[in-house]
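There are 2 protein chains.
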Amino acid sequence: MKLPGQEEFEAPSASENVPAGQLDSGLGTGPSPDGPLDTGSRELEVPKDPLLFIQLNELLGWPQALEWRETGRWVLFEEKLEVGAGRWSAPHVPTLALPTLQKLRSLLSEGLILLDCPAQSLLELIEQVTGVESLSPELKGQLQALLLQKPQHHIQNTGTKPWRGSPHSRKASHDEEALLKEQHQNPLRQKLPPGAEAGAVLAGELGFLAQPLGAFVRLRDPVVLGPLTEVPLPCRFFCLLLGPPVLGRSFHELGRAAAVLLSDLQFQWSARRASNLHDLLAALDAFLEEVTVLPPGRWDPTARIPPPKCLPSQHKRPISQLQEIRDPSVPPGAAAENRHGHGPHSPNLELQRTGRLFGGLVQDVRRKASWYPSDFLDALHLQCVSAVLYIYLATVTNAITFGGLLGDATDGAQGVLESFLGTAVAGAAFCLMAGQPLTILSSTGPVLVFEHLLFSFSRDYSLDYLPFRLWVGIWVATFCLVLVATEASVLVRYFTRFTEESFCALISLIFIYDAVGKMLNLAYTYPIQRPGPALAESTVYGCLCEFPGPGENESQWTKTRSKDTGDILSMDLGLINASLLPPPECAQRGGHPRGPGCHMVPDITFFSLLLFLTSFLFAMALKHIKTSRFFPSVVRKVLGDFSSVLAILLGCGLDAFLGLATPKLVVPREFKPTLSGRSWLVSPFRANPWWLSVAAALPALLLSILIFMDQQITAVILNRAEYRLQKGAGFHLDLFCVAVLMLFTSALGLPWYVSATVISLAHMDSLRRESKACAPGESPRFLGIREQRLTGLVVFILTGVSIFLAPVLKFIPMPVLYGIFLYMGVAALSSIQFMKRLQLLLMPAKHQPDLLLLRHVPLSRVHLFTAIQLACLGLLWTIKSTPAAIIFPLMLLGLVGVRKALEWIFSPQELLWLDELMPEEERSIPEKGLEPEHSFSGSDSEDSDLIYQPKAPEINISVN
Amino acid sequence: MKLPGQEEFEAPSASENVPAGQLDSGLGTGPSPDGPLDTGSRELEVPKDPLLFIQLNELLGWPQALEWRETGRWVLFEEKLEVGAGRWSAPHVPTLALPTLQKLRSLLSEGLILLDCPAQSLLELIEQVTGVESLSPELKGQLQALLLQKPQHHIQNTGTKPWRGSPHSRKASHDEEALLKEQHQNPLRQKLPPGAEAGAVLAGELGFLAQPLGAFVRLRDPVVLGPLTEVPLPCRFFCLLLGPPVLGRSFHELGRAAAVLLSDLQFQWSARRASNLHDLLAALDAFLEEVTVLPPGRWDPTARIPPPKCLPSQHKRPISQLQEIRDPSVPPGAAAENRHGHGPHSPNLELQRTGRLFGGLVQDVRRKASWYPSDFLDALHLQCVSAVLYIYLATVTNAITFGGLLGDATDGAQGVLESFLGTAVAGAAFCLMAGQPLTILSSTGPVLVFEHLLFSFSRDYSLDYLPFRLWVGIWVATFCLVLVATEASVLVRYFTRFTEESFCALISLIFIYDAVGKMLNLAYTYPIQRPGPALAESTVYGCLCEFPGPGENESQWTKTRSKDTGDILSMDLGLINASLLPPPECAQRGGHPRGPGCHMVPDITFFSLLLFLTSFLFAMALKHIKTSRFFPSVVRKVLGDFSSVLAILLGCGLDAFLGLATPKLVVPREFKPTLSGRSWLVSPFRANPWWLSVAAALPALLLSILIFMDQQITAVILNRAEYRLQKGAGFHLDLFCVAVLMLFTSALGLPWYVSATVISLAHMDSLRRESKACAPGESPRFLGIREQRLTGLVVFILTGVSIFLAPVLKFIPMPVLYGIFLYMGVAALSSIQFMKRLQLLLMPAKHQPDLLLLRHVPLSRVHLFTAIQLACLGLLWTIKSTPAAIIFPLMLLGLVGVRKALEWIFSPQELLWLDELMPEEERSIPEKGLEPEHSFSGSDSEDSDLIYQPKAPEINISVN
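Taken in sequence, the protein lines are chains H and D. Going by full-length UniProt numbering, 642 is the number at position 642 of the first sequence; the sequence numbering is gapless. Going by full-length UniProt numbering, 426 is the number at position 426 of the second sequence; the sequence numbering is gapless.
Just so you know, the hints here were simulated from the structure itself, not pulled from any lab data. Treat the hints with care, since some could be wrong.
Identical chains share a label here; the pair holds if one copy fits it or two copies do between them.
Unchecked claim - Each computed SDA-like pair below joins lysine to any residue, with the alpha-carbon atoms no more than 25 Å apart:
#1 Lys846 / Ile305
#2 Lys626 / Gln839
#3 Lys150 / Pro222
#4 Lys664 / Ala523
#5 Lys309 / Gly777
Bound-form chain H, shown alone (with noise of 0.2 Å):
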C-alpha cells in the first residue's frame, strides 16, 4: 500500500503484476509460468523495443472493383477513416467485441504463423504468405496479384490546409515516385520517433475464397514493404486476415483486432520474443487476461472514448517500462527524477539540517556552483525568446502597477520609476546569484500591504519615511541573515498546501480588494450628477470662466438664499466678464472658474468603470481562449499567454478613441527619484531622531515574518517535485539574496522585493519541456523545465531599459490597470483547492465532481476542513484592515500553528488527502497503520491506481 503522492511519476516495479493473472482462466490456455509474460518481467532492463505504428488495409468494393483501402490506423489509440467526410477521425481509445477476439484467436491457431520471415520486399512476403498454403495455383496467383495492388491511403496534411484529401487522385495514376514522396510528406512520419516500425494489418472478404485465410509474420529484417504502409517505415509485423464474404462484414472487425493487439505493447513485447503459435496464442491470452469490459446496453459500442488524459496504469502492467523506454528523448539524467520522490514536499536533500553556521547557505552554494556553466548554455533554445517576451511583458505589466499602487500608498514617496529601477536592478541580481533562478523577484501585494502601514505610522507620527524606511531594511537584512545562519529555512517543511493557499488565497484577496476599492474611489473624485431635489447638493451644474477684465475689479460672487429654503443653490450673479469655458481652458486663458459645478468632470466615473470591466473581462476571455476549441494552438497560445497585454492595449484603445479626461498613470518624465528634492541615496536620519534606527527593528521583525513566508512559500511551490527540477532548489542562498537586496533597494529608496509566486509559475510555464514526437491522441509528456539564468536576466535588463518608456506608458489609463488587477486576483484565486471546495458548499453532493477526496473524506469533513480555512482567512483580513494591521505577518505565521492542531481534530488519513502530512505526520501513519482502513474499505482496487495520478499541481496559474 502507498501512501498518495508518495510515487507522484510512474514507478514501474516488476512486482506489481496483476493479480488478474492469478486466476483460473476458463478462456484459451492462459499464461504458463515460465511463457513469454514472465519472460517480459525477467528481463525488464533490456529491451528497448521500437514504436510500432500499424495500419488497417481493408479489401473494399467487392465483387466489382476490388481494391485496398486504409482505414484505420493505430499508434496507442485508434484513428478511423471517415470515408464519407475523407478525413481521419479523432484519436479514441478503440472498443472491440469479445467474439472478434475469440475468432481472431481461432484464425490464427489455424492460419499461417511465420515468426522471423526473412522475405526482403512485398513480392517474397506475399510469396511466401500464399506458398504454403493448400491453395490452388490459380487461386494463388489471383490472391498475389491482389495482395500487390497499392493500397489507397488517406494522407492527412496538418500543415497550413486542413486536408488534403488524396484517394480520387491516387486511384487515377499509380504513380509510384508520387505516392513515396506523400509518403515521406507525411505528416505523421515526423510525429513518430526515429527507429519506429510498423505493422500491416490486411483483412477483407473474398469472394473466391472457401475457407478462411489467416497469417501472421514477423520479419526477420523490417523492411519498408513498398506502398503498404502510408509512412515509409520498416514493417516488422504483417497480419493477413482473408475469407469468404459473410454478413455484417466481420472480417473489418477482425482486422481492427488484430491491430488493437498489435497496438498493445505487452503484446508487441511478446510477439516480438515469440517462438512458436504456442507463445503468440499465450500473449493474445494475457492480452485478453487484462482487458475492461463494459456490460451491454449501458454503454453504446460505437461511441467513441476521448483519450483520458494521463495515460494510466502502464505501471501495473508486467513490461511497463516499455512505454518509458520507447521515447529516446527523455534525458539520461531521467533515473534521478525521482530524487524527490519523498511526497510533495520532497526537497529533503536541500533541507537537510547541517547543523552548522551558514552550512546550508555553503551547500546551496556548493550545489549551484556546479550547475553555474550549464545555467547559461541550457538557454540555447527558441523556447527561451518567447519566454522572455512573456515574462517580459509581464514584469513589466507588474511594474506598472505595483509602481502605480505603491505611489498611492506611499503618497509619492516612491513611484513608477522607482518600481521599475528596482524590479530591473533586483531581479536581474537575484536571477545571477539566487539558488533557484526561474524565481522572478516583485513587488508583492503582503509587502505592499506592510509599507503602507510603516508609511501611514511614519506620517502620523511625522517621521521622515525614508530613512525610517531605510533602517527598516538594514534590521530585516540583519534578521534575514540570522536565519540563513541558522538554517530557518528548513522549516519550510512545515509549510503544507494550506498555509500555501491560505497564503495564496490573501494575496489574491489583497490584488481584488484594492483593484475594486480603487474603482470606487473614482466615484468620490469624479462625482456623478443626480437630478432631483434629494439629491441637490451633488448636482449643481456649470462653471464660470472669470475674467479678471481690464482694469476692472474682481467681480464678487454673492450666493444669496433664495426664499425657498430648498432653493439653495439659485445664485444672484453680478458677474461682468465672465463665460462658460471649461476650467483648464479657463485657467489657460487668465481667467479663474468660479462656480459650484468646476470640479464636476463628468462622465469619467462611468467610463472608466466600462474601461475597468472591458479590460478585466477582455483577459478573462482571452485565458479561455487557451482551452476552447477555436484557432491554431499556436494563436491560441499567443492569445492566451499575452491576454493581459491586449487587454491592456484594448483599454488604451477605447480610451484614447473616445478621448475622455481618465485619470491616466503617473509616469516620470526624467530619471530622478519620484519624491523632489531627494537624492537617489537615503540618508540614514535627516530629520528622524536617532533612537528611531534602533526602534525600526520591532517593525523590522514583523517584516522578516512576512518576507520569510513571503519567500518560502513561492519557493517550496517552485521547487515541487512534481515539476521535476534537476538541479536543485536553494533555499538558502535564495534568502540571502533577499536579505542582500533588502539592503541595496532600502538604502536607495526603491520598493522591497520577494519571490512572486504568480509570475515565477508563468515563467516555469513557458519553459517547459515536453515530449515531442508524441502518438496521435497521446498527450505529451512533461520532461521538465528548461532551468537557466538567462531568461529571467534578459527580461531584467529589458525591464531596466524601459524606464525610458515614460511616453509610452503615460496613455495608460489607470482604470484599465485595476482591471488587469482585478484579472490577477482572480485568476491566481480561481486555481486552488481552496476553491474548489468552497464551491462544494454550494453543490448538491449528487452534483459534485467526482474528486478522489470526495472519495475518501467524508463530506462533513471536507466542509469542516474548509469552514476552518475561511475562519483563518477571515481573522488574518480583519486584522490587515484593523489598527493592529501590522502584526498581521505574525498571523501569517500562525496559519502553520493552525495546520498543526488541524492534527486533533482530522486523522492523518485525511489531512492525507485534503492536504499534506507534515513531518511528524509522515513517520506516524506507519504506526497508526494506513492498512485496516483501507483493507475494511470496498475501494482498495480501485484506489491503488488512482494515487498515482499526481496531485494536480496546486497553483499552475498562467496568469499575464
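Since the structure of chain H is already known, use the hints to place chain D on it.
The following block gives chain D in isolation, referenced to the frame of chain H:
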C-alpha cells in the same frame, strides 16, 4: 440500411439481432438455436418483467469482526459505496475484468442452482442454500449464523440534508424497527417504480471455507427477505459467492460481476425463464458475446465512465422491448408515437392535400374538435402553474420590449399599451381557436421591420398611417384566407432546416442589431463631453437659469466673438438675475435655461451602457447556471427560467439606486390609444385618397408572404416529430386564425401578431412530460408535451390585466430592455446548427467536435454549405437595409428556392446530413441508392447505430 432521421425513436425489431451471434464462439457453449435467447426473440410482445434492484452485500472485517456491508448497488448503472467518505459514488457505467466473469462462470457451473425455490423467508432460503451442500454440520451452522447477520446499509437521504451516513449508528443498535423504518423511508424506494423486485448478491472471503461456495437462487414467489436489501422489495434473485481468502479481494470483484450480470436486462429476461444450469450459463455466454472490450493500457480500468446521455442501442439487442416495457408510465397511446415516423418533416397526415376548397381547414377543425374537451382537462396539473408564471413573464417582457420598439418604429402611432392589449386579445383568441394551442403569438422581428418600412413609406408620402395600415391588414387577411382555401400550407414540407435556420438567424440578427443600434443612438441623444481644443464645440460647459425678474425686461444674451478667433465660446454675459439651476428645475421655477450646455445630460450614455451590459451579462450568466453544478436543481431551474426577469429587476435596481435620468419606458397612464386624438376603431379613409385602399394590396402581398413564412416556419418547428405531440398540428387552422386576428388588430390599430418561435418553444419546454421513476444515473425519458389550451389562455388573460401595471413599468430603463433584447438574440442565435457550422470555420480540423455531420460529409463541402447560407443571409440583410427593403419577404421565400438549387451542388447523402431532404429528394434516394456508398465505407456497423440517435432539435432555445 435506414436513413438517418427516418427513425427517431427506438424502433425495436426482432430482425436486428446482433451479427456477433452468428460467429463461432470460442467460449462456452454458445446460445443454441432454440435456447432461451431465441425464445426471447419470439416472445417479444408478451413479457412485462419488473425492474430489478440489485444490491451487493460484502463480507468485510475478516478475520476479527465479520459483518455484511452493502458496498454496491445497481439498477442500470453502478453506484459504489465510498467507504472512507461514507457516500454513494455517482452512478457510472460498471467495468469488469474479463477473468472475473470467467471465474464467475466456473463458480456458478460448479455451484448450487436453485430455480423456482419455494422459500418464504430469509431463514428458509438460507437453509435451502446451505442444506444441499456437502458441508459439515458445524460449518453449516457457522455459515447460517453468518448469513443471518443483518447487513449494514448506507442509506442516503437526498432530501434537505445532503447526506445522512448511518453505518456507525447502525453498528450500535441493530434495532429491527428502526431499520425497517429506514428501509421504508429510503429515498431510493420512491424512485423505483411499483412492482420492482430485488436481487441480492452476497460475496466475501471466509477463512473456514476450504472450497469456494457458489449459489444462484431464483425464488418462485419473491418475498422481502428481512433487512437483506436496503429497500424492502420482494427479492427474486439471490446469489451467494463465498470462498477462502485469496489475494486481491477477488470475491468483491466476483460479487460485482454477478451484480452487473443480474442488472443486464437481457440476462434478467433469460434468468427469469431459465429451467436449468445450462440455460443460465447460456445466458451468461450471451452476455459475454455482447460486452464491449477496452484494450488494456489505453484505458484506465478504474476510471468511472459517466452514464451516456441517451441510453444506446437497446433496440439492437434481441429483447429490446424490456427497456421500454418496464416503465409502466408509458402512455397507452405510445404505440401511436410512430405516427410521425417519416423523417423530421413528419406531419404528413396533416399535410396531405385534400384537393377541396378549405379542405385542409375542415380537416384541421374536425381533428382538433375531437381533442377540444381534453385540451382543458389535460391542463389540470401543477406543472401548468409554473409554466403559466414563466411564460407570462416572458410574454410581458416581450410585450414591453416590442411595444417600446414599435413606438420608436412608428413614431408613437402605436405603443406599449397597444402592445399589451393586442397581445392579450390576439393571444387568448388564438389559444382558444387555433390548431396548435401551444403556440404563443407575439410581435416578431420581421413583422416589426415591415411595419417600420410601411410607416416610413406613409410618412414620406404624407399618408395617414393607421387607415393605410388597416387596408393592408384587410388585404393580408384576404390573401391568407386564399392560402387557407387553396391548402397552401402543405408547401411547408419544402421548409427544411436550411430555411428555418436562415430565417431564425435573420430574426436573431435583427434583435442584436436593433439592441446595439438603440444603445449607440443614446450617445447622440446624450452626447459625451470630451475635453481638448479639437473637440471644443461639443465640450461646452454650463447652463444658466435666467429668471425674468420682478418687473424687469428679459435680459439679453450678447454673444460677442472675442478677438481670439479660436475662442468661439467665450461670451460676455450681461445677466442680472440668473442662477446655476439644472434645466428641469429652472423651468419648474419659471426660469429659462440659457447656454450651450443646457441640453447636455452628463453620465447618462455610459451609465446606460453599463446597464445594458449588466442586464445582458447577468441574463447570460443566469442562463448558464441552469447547466452548472451549483445549487439544487430546483433553484437552478428557477434562476435559469427567470433569467431575463431577474436581469430586468437587477437593472431597475441599479438604476433606482443611482437615480440618474436614464431614458425610461414610456407607458400610458390612461387606457386610451397612444396616438392622441384617435378612437380605438381606425376609420378606413380619413386623409387618404380612396384608391389607396386598392394600392394597399401590393404591400399586403409582400406582408402576406412574410406572415406565411414567419407563421409556418414556427409551426413546422413546433410540430416536429421529436416533440411527440399526440394531438396533431393544424397548419391550415392556425393560418386561418392569424388571418382573422390580422383583420381585428388592423381595425383597432393594434400590432400584428404571428407565432413566435422562441417563446413558443419555451412554452413547450415548460410543459415537458418526463418519466419519473428512473434508475440512478439514467436521464429521465421524454414522454411528450402536456398539450392543452389553458396555460396559454391564462397567460394572455394575465397579460391583459397587466395593462394596469403602468405605474410599475415606467421605472424600467430602456437600456435594460435593450440588454434583454440582445440576450434573446444571442440565445436564439447560439442554438442553431448554422452557428455550429460557422464555428467550424474557425476551428482547426483536429480540434473539431465529433459531430455526426463531420463523420459523413467532407469538411470542404460543409464549409461550402455554410458559406452559401452565409451569403444568403448577407443578401437578405443587405436588402433589408436598402430602400428595396420592402421586397425582403419575397427574398425570404427565395430561400426555399436556393435550398432547392443546392440539390445541383450537393448529393442527397450530403444534404441528408447537412440539412434535411425535400419531398422529391426523399423519393430520389432509393433510386440513386445509398447502399453502394455505405457498403464501400468503413463505417457500416458504427453508423447504423448512430443513425438512431435523434438529431438534436434544431432550435431549442429556452429564452426568458
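A quick look at each hint next to the structure:
1. Proximity of Lys846 and Ile305 under a CA criterion of 25 Å is satisfied in both settings, with 24 Å inside one chain copy and 15 Å between copies.
2. Taking the shortest alpha-carbon separations for Lys626 and Gln839, both the intra-copy value of 23 Å and the inter-copy value of 16 Å come in at or below 25 Å.
3. In this assembly of identical chains, Lys150 and Pro222 lie within 25 Å of each other by CA distance solely inside one copy; the values are 19 Å within and 65 Å between copies.
4. For a Cα distance limit of 25 Å, the shortest separation of Lys664 from Ala523 qualifies both inside one copy, at 15 Å, and across copies, at 24 Å.
5. When the C-alpha separation of Lys309 and Gly777 is checked against a cutoff of 25 Å, the pair qualifies both within a copy, at 9 Å, and between copies, at 24 Å.
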